[in-house]
Every structure is written in C-alpha cells, then in structure tokens.
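*Asks:* These protein sequences, in sequence, are chains E and S.
Counting from 1, one number per residue, gives the positions in the first sequence under my numbering.
Counting from 1, one number per residue, gives the positions in the second sequence under my numbering.
Hints may be right or wrong, so weigh each one.
Copies of one chain are not kept apart here, so a pair can be met inside one copy or by any two copies together.
What the hints assert, rightly or not - List of simulated lysine-lysine pairs, DSS-like, C-alpha gap at most 25 Å:
| # | residue 1 | residue 2 |
| --- | --- | --- |
| 1 | Lys199 | Lys131 |
| 2 | Lys131 | Lys213 |
| 3 | Lys119 | Lys138 |
| 4 | Lys138 | Lys213 |
| 5 | Lys131 | Lys119 |
| 6 | Lys213 | Lys199 |
Simulated from the structure, these hints should not be mistaken for laboratory data.
There are 2 protein chains.
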Amino acid sequence: MPDLTLFTFDWVPEPPRGFVRDLRVRWALEEAALPYRVASVPFNPRDTTHFAHQPFGQVPWLTDGDLSIFESGAILLHLGQRNPELMPTDPRGRNEAMEWLFAALNSVEMPALPWTMFKFTGSFDGSPAVKFVDDFLKLRLKHMETVLAEREWLAGSFSVADILMADVLRVVDRFEGLTDSPACRAYVARATGRPAFAKARADQMAHFAAADKTR
Amino acid sequence: MPDLTLFTFDWVPEPPRGFVRDLRVRWALEEAALPYRVASVPFNPRDTTHFAHQPFGQVPWLTDGDLSIFESGAILLHLGQRNPELMPTDPRGRNEAMEWLFAALNSVEMPALPWTMFKFTGSFDGSPAVKFVDDFLKLRLKHMETVLAEREWLAGSFSVADILMADVLRVVDRFEGLTDSPACRAYVARATGRPAFAKARADQMAHFAAADKTR
Chain E
1 MPDLTLFTFD
11 WVPEPPRGFV
21 RDLRVRWALE
31 EAALPYRVAS
41 VPFNPRDTTH
51 FAHQPFGQVP
61 WLTDGDLSIF
71 ESGAILLHLG
81 QRNPELMPTD
91 PRGRNEAMEW
101 LFAALNSVEM
111 PALPWTMFKF
121 TGSFDGSPAV
131 KFVDDFLKLR
141 LKHMETVLAE
151 REWLAGSFSV
161 ADILMADVLR
171 VVDRFEGLTD
181 SPACRAYVAR
191 ATGRPAFAKA
201 RADQMAHFAA
211 ADKTR
Chain S
1 MPDLTLFTFD
11 WVPEPPRGFV
21 RDLRVRWALE
31 EAALPYRVAS
41 VPFNPRDTTH
51 FAHQPFGQVP
61 WLTDGDLSIF
71 ESGAILLHLG
81 QRNPELMPTD
91 PRGRNEAMEW
101 LFAALNSVEM
111 PALPWTMFKF
121 TGSFDGSPAV
131 KFVDDFLKLR
141 LKHMETVLAE
151 REWLAGSFSV
161 ADILMADVLR
171 VVDRFEGLTD
181 SPACRAYVAR
191 ATGRPAFAKA
201 RADQMAHFAA
211 ADKTR
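Bound-form chain E, shown alone (with noise of 0.2 Å):
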C-alpha cells in the first residue's frame, strides 16, 4: 500500500488552471491507480517548509513514505520505475521512454515553454528574440511530427514519456502553435482523450475552485 502525498498550491488565478504541473503526477497516479492524497501549501506567501521541498518555491512535489521528490521529471520517472502500467520493462522499452522523457522536457519544452509564455502575455512581437524562440519551436515540432506520423506512444506502449510531452505540446496547442502539425495535434487528441488524463484534469480544477469558496 503506497503512502503518496501530492503537494500544489491552495489556490492559484484563473488562467494556469488546468495546466498547473501538479496534473502530470495525477495524470500518472490515475494511469497506474494508486491512492493518493494531496496537500496544500499556500501560493503566497511561499514559506521555508516549501523550500525545504522545492527549492524554486514552485509545485508540485510528491512524497513516498518518508521520500520527498520535486521535478515533475523527477516525480514521473520515479513512479515509472515502480509501476509497469507507466513504463515499460524491457531495457529496450525502458530506454527509449528514459530518452522520450527527457526529449518532452529538454527538447521540446525548452522552446515550447518560452513561446507559450510570449503568447501568454501578449509580448509575441516581431522582435529577433521572439523569432528565434519561434524558429527553435517549429523545428522540434517538424521533427515531432515525422516521430509521431509513425506511432501511437513514443515508447511502445503508452508511458510517463507520453504524459510530459503529450502535456508540454497540449499549452501549445492552446495558442494555435500546431496548427501545421496534425500528428503531434492528433496525439495530444489521443492522449488527452484517456480517462486518466479527464480525472487528473477534472481534479485540479475542483481543488481551485473548492479554494476560490473560502477565500
């Protein structure tokens, strides 16, 4: 019987709703069905316990027993090692959701990230710096798409690769960033059509608006 705490904040604005990061941990509990309860902490101030946990004063963090692990990468590789609904065993399999994991987080959302940020906050001008973001994110997806024109999961069968890149091209998705790219939309479609991934989503939008009550 696992001991899992989800920590994320007791309350968080209106638009990161939804894509707080504390939806990738819940997408992968609810993937392998483990219980598990969360905790709040608050969105401000952030206080010294939080950084004790989180050292960049952000969410989530999960703790197994007496094992408290921050990144979301972190988190999702350590329950992917522990549970074969989210990766596979064989070294072959295991490798290649080990280098798909770090793909979605290195490769794609280091330019993904940014550019949504730009589109965001409305600074997604014609500056050479916004081009260049612009530019590094097309040629990812280019690449993601002769990937994901070939197969259903990135590594084999569904894994906690495709939870963190399937989630990092979902933001884009909301800015009409893959408009020229079907297969990485369809794969987002196909991934965020799982129960698991409903759940999760469903979940942190009541935990939010259960806070938006007691304010």
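Given chain E, put chain S in place with the hints provided.
*Replies:* Showing chain S alone in chain E's frame:
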C-alpha cells in the same frame, strides 16, 4: 568491459567548440574512468542514420552494447545508475541526484539556453520577450545561489547532476550572467576545476581542431 561509443559531429564552427553537448558525456565517462570510443557523423548534411539515433538531428548519442541512447540527460542517468562514481547508491542520495539532474535541465537550462542564445546572436535587446527570459533566469539563479551557498555538490557527493548543472551555469557565466551570483560562480569554478572536465574539454577541442586540417 563496457562497449561504449560516443557519437558527435565530425566538425562544428569555432564558437560552440568547448560547449557541444558531447562534453557532458565525455566528462561523465572520464569521471568514472570508463573506456570509450568516439565516432563522428556529418555536421552537414545530417543523414537518415543520424535521425534514426537522434530524432532531432542533434548530438550526442551513446551506444552501450546494442543499446543506443539519445538526450544528454538520459545518457548521464544511464551511466549514473551503473557507476557509483557518478551517482550515490543509497535511496536518499540517489533521489537527490535525480531531482537535481532534472532541475538542471528543466528548471535552470530552460531559461539559460534562450538567454545565452539572445546574448550570442546579439538579440539581447529591450523587448518584452528578452525581459521575460532575463527575469526568469534571474529568479532561478537567486534560488540556486541559496542552495549552492550551503553545499559543495548538489547530492552529497559529486554526481551527474553536478555535471549537468555546472555545464548549464558555465554557459551563463561565459556571457557574464553570474556576476551577482558568487556561490554559483564558485560552484562552476569548482566543477570545471576537476581533471575529468579538463580532459573532456581538451578532447572535444582536439576532435574539432583535427577536423579543420582535413577540410
């Protein structure tokens, strides 16, 4: 006896020399004193074999027997999990190394790489996009400064997490981005002062310099 081959470009222009990501892998291999070979693939054009091993057309990738691994994070984790010189073996130390390995790539390099490219390409202007990335990086450095003021290495002893974090931060340092972060700067000096880094860097420089002679 491991059968390790590191794949990198046959040649790159002058500016990125000393910073091509095969250095991360060379550094880890030198730290663990693992024998390995270096193989070259064309910088231009990149062929289908290249994309079969590295779907973004980047370097490095590593073959370990019949396993081929791309993404520097995945390669370093692969090596770390097999070599106690590269990662603590106790659950707590290993967890800490994993957290910081992901933090280097997904929390710090995410703003550091675009920031560096804006500096390098001369597009570090007063635009809102540049300001967003600059503020993003400064916030991360503020938290890293607190962490690094209190410890020599990120996970108790030197690990692959330090290779990645130091490699990310030294590029920022190259463009004078650590002037207000003395603990980060001292950490970069400490890490890059290790003989394994010096050997890895010298080998990369020699590899590309040798290619100049045959062009």
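*Asks:* The structure should be examined with respect to each hint, and the outcome stated for every one.
*Replies:* Do the hints match the structure? See the list:
1. Taking the shortest alpha-carbon separations for Lys199 and Lys131, neither the intra-copy value of 37 Å nor the inter-copy value of 37 Å comes in at or below 25 Å.
2. Taking the shortest Cα distances, Lys131 and Lys213 never come within 25 Å of each other, neither inside one copy (42 Å) nor across copies (35 Å).
3. Taking CA atoms no more than 25 Å apart as the test, Lys119 paired with Lys138 passes in both settings, with 15 Å inside one copy and 21 Å between copies.
4. When the C-alpha separation of Lys138 and Lys213 is checked against a cutoff of 25 Å, the pair qualifies neither within a copy, at 41 Å, nor between copies, at 35 Å.
5. For the identical chains of this complex, Lys131 and Lys119 are neighbours both inside a copy (12 Å) and across copies (14 Å), given an alpha-carbon limit of 25 Å.
6. Taking CA atoms no more than 25 Å apart as the test, Lys213 paired with Lys199 passes inside one copy only; the shortest distance there is 21 Å, against 60 Å between copies.
Violation of the numbered hints given earlier is confined to hints 1, 2 and 4; the remaining hints are satisfied by the structure.
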